[in-house]
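Engineer: These protein sequence lines are chains A and B, in that order. With the working numbering, letter number 107 in the first sequence gets 107, and the count goes up by one each step, no holes. With the working numbering, letter number 25 in the second sequence gets 239, and the count goes up by one each step, no holes.
Mixed in with the good hints there might be a few duds.
[As the list claims (entries may be wrong)] Cβ pair distances, simulated, as ranges: (1) A:THR35 with B:PRO253: 14 to 22 Å; (2) B:ALA263 with A:PRO162: 32 to 40 Å; (3) A:LEU88 with B:PRO264: 21 to 29 Å; (4) B:ARG252 with A:GLY131: 30 to 38 Å; (5) A:PRO162 with B:ALA255: 17 to 25 Å; (6) B:ARG241 with A:GLY169: 18 to 26 Å; (7) B:PRO253 with A:ARG125: 22 to 30 Å; (8) B:ALA255 with A:ILE168: 21 to 29 Å; (9) B:GLN246 with A:VAL15: 27 to 35 Å; (10) A:PRO185 with B:GLN246: 22 to 30 Å.
[Claimed, not checked] Pulled from the structure, derived: some chain A residues nowhere near chain B, Cβ distances all over 12 Å: (11) GLY12; (12) VAL15; (13) ALA16; (14) ALA18; (15) LEU21; (16) VAL49; (17) LYS56; (18) HIS99; (19) ALA126; (20) LEU127; (21) ARG128; (22) GLY131; (23) LEU135; (24) LYS174.
[Said to hold, decoys possible] Here are some of the chain B residues that sit facing chain A, going by a computed Cβ distance under 8 Å: (25) ALA219; (26) TRP254; (27) GLN274; (28) ALA279; (29) ARG288.
Keep in mind that the hints were calculated from the coordinates and are not lab data. Bear in mind that the values here come from a model prediction, so they are computed numbers and not experimental data. Glycine included, C-beta positions come from ideal geometry on N, C-alpha and C.
Given next are the chains, with one letter for each unit.
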Amino acid sequence: MEGYLPAAHALGWTVAAAPFLVHSTAAVRRATGGTAGGRMRLAASGAFVLLLTSLKLPSVAGSSSHPTGTGLGAVLVGAPVMPVVALLVLLFQALLLAHGGLTTLGANVVSLGVVGPWIAVGTHRALRRAGLGELLAVGMAAAAADLATYGTTALQLALAFPQEEGGIGASLAKFLTVFGVTQLPLAVVEGVFAALVWRAVAARRAPLTRRGLA
Amino acid sequence: MAAVAGALIVASQLVAGDRQGTDDAARQAVQQVAPSYRPWARRLVRETAPDAERALFILQGMIGALVLGTAVWRLGRTGEADA
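Use the sequences and the hints to build the structure in full.
Structural biologist: Put into structure tokens, the structure is as follows:
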């Protein structure tokens, strides 16, 4: 996607991502400077993103896509940590695999590292307050993060390329269709993976308190 | 868990094969919405050959699975006394 966001948009999203990355660096420092458990949860969260974004899953539409993995991490260690985790994974894929791109890095950090994780935290909190079980809440939070990430990407492209007829709304509908067909089933798969990993962590009797949300 | 994850990573790369990815779909959609748009930057990194790309994705996933497995195992082993 190198150069596919107009330069002004690429710059704008990079500026928008910058304060989240600065805040995230401090959150990572807090997490790594705390207890061994905090460090392990951070490692698990980052590793889950690395693992899930490496999965290339076929969709019913005949294309393929990747889950995001940031929802579980956001619930496990807090959304503020995730921009740095997202940046590292995006750099790995941009520099080694020519996926994503360096000019779209800011936009991708916002969608993958900011919007997705905060949607996950919000969904998880709302579902727990509504009385849903932890496992189901985690799974649905992860699925919501996945959809929110790709929804944000669709919005970013729609803002950059409004259609002559229908403007940003028509363009958003088109990009949402492009991503939605592929991503809806993947969000379900991601929710199941996240719930399984959560259960594995719970089975090791680790306290599953959310950290770093301040 | 790491073994299951490893098998899943390899299987996903083999099953998905050379299907069109999200980047390609987005690029096509941009060209449909704005046919006159030309990307203003080129890739700094050359596109990886399909087999090498598959291998790198598998490597990335294996690293993730290994770290995830180790972290979950250590969380249980240490008893996680960080309340």
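Engineer: If a hint holds in the structure, say so; if it doesn't, say that too.
Structural biologist: Going down the list of hints, with the structure as the test:
A C-beta distance of roughly 46 Å is found between THR35 of chain A and PRO253 of chain B, which places it outside the suggested range of 14 to 22 Å. Evaluation of the 32 to 40 Å hint for ALA263 of chain B and PRO162 of chain A yields a pass: the beta carbon distance comes to about 37 Å. A beta carbon spacing of about 25 Å between LEU88 of chain A and PRO264 of chain B agrees with the range 21 to 29 Å that was offered as a hint. Checking the proposed 30 to 38 Å range against ARG252 of chain B and GLY131 of chain A shows it is violated: the Cβ atoms sit about 53 Å from each other.
Distance hint check: the CB atoms of PRO162 of chain A and ALA255 of chain B are about 21 Å apart, consistent with the given range 17 to 25 Å. Between ARG241 of chain B and GLY169 of chain A the beta carbons are some 22 Å apart, a value that agrees with the proposed interval 18 to 26 Å. Judged by the Cβ atoms, the range 22 to 30 Å given for PRO253 of chain B and ARG125 of chain A is violated: they are separated by roughly 40 Å. Take ALA255 of chain B and ILE168 of chain A: their Cβ atoms lie about 23 Å apart, and the range 21 to 29 Å holds.
Distance hint check for GLN246 of chain B and VAL15 of chain A: the Cβ-Cβ separation is about 29 Å, which falls inside the suggested range of 27 to 35 Å. Between PRO185 of chain A and GLN246 of chain B the C-beta distance comes to about 24 Å, which sits within the given range of 22 to 30 Å. For GLY12 of chain A, the condition that its CB be more than 12 Å from all CB atoms of chain B holds, with the nearest at approximately 14 Å. Non-interface call for VAL15 of chain A relative to chain B: holds, since the shortest CB-CB distance, roughly 17 Å, exceeds 12 Å.
A cut-off of 12 Å between C-beta atoms confirms that ALA16 of chain A is not in contact with chain B; the least separation is 19 Å. At roughly 19 Å, the least C-beta separation between ALA18 of chain A and chain B is larger than 12 Å, which holds for a residue marked as non-interface. In this structure LEU21 of chain A is separated from chain B by more than 12 Å, as the shortest Cβ-Cβ distance comes to about 21 Å. Under the 12 Å C-beta cut-off, the non-interface status given to VAL49 of chain A relative to chain B is violated; the minimum distance is some 7 Å.
Not every C-beta of chain B lies more than 12 Å from that of LYS56 of chain A, the closest at about 4 Å, which undercuts listing it as non-interface. A cut-off of 12 Å between C-beta atoms contradicts the statement that HIS99 of chain A is not in contact with chain B; the least separation is 6 Å. Taking the minimum C-beta to C-beta distance to chain B, about 25 Å, the non-interface status of ALA126 of chain A holds against the 12 Å cut. For LEU127 of chain A, the non-interface assignment is confirmed: its Cβ lies about 23 Å from the closest Cβ of chain B, beyond the 12 Å cut-off.
The claim that ARG128 of chain A lies off the interface holds: its Cβ sits roughly 19 Å from the closest Cβ of chain B, which is beyond the 12 Å cut-off. Listed as a non-interface residue, GLY131 of chain A keeps its Cβ farther than 12 Å from every Cβ of chain B; the least gap is roughly 25 Å. With a least beta-carbon separation of about 16 Å from chain B, LEU135 of chain A lies farther than 12 Å from that chain, consistent with its non-interface assignment. For LYS174 of chain A, the shortest C-beta to C-beta distance to chain B comes to about 6 Å, within the 12 Å cut-off, and the non-interface label is violated.
Given hint, ALA219 of chain B at the interface with chain A, holds; its Cβ is 6 Å from that chain's nearest Cβ, closer than 8 Å. The criterion of a C-beta within 8 Å of any C-beta in chain A is met by TRP254 of chain B, whose closest approach is roughly 5 Å, and the hint holds. Restraint check, GLN274 of chain B versus chain A: the minimum CB separation of about 4 Å is within 8 Å; hint holds. Given hint, ALA279 of chain B at the interface with chain A, holds; its Cβ is 5 Å from that chain's nearest Cβ, closer than 8 Å.
Taking 8 Å as the C-beta contact cut-off toward chain A, the hint placing ARG288 of chain B at the interface holds, the least distance being around 5 Å.
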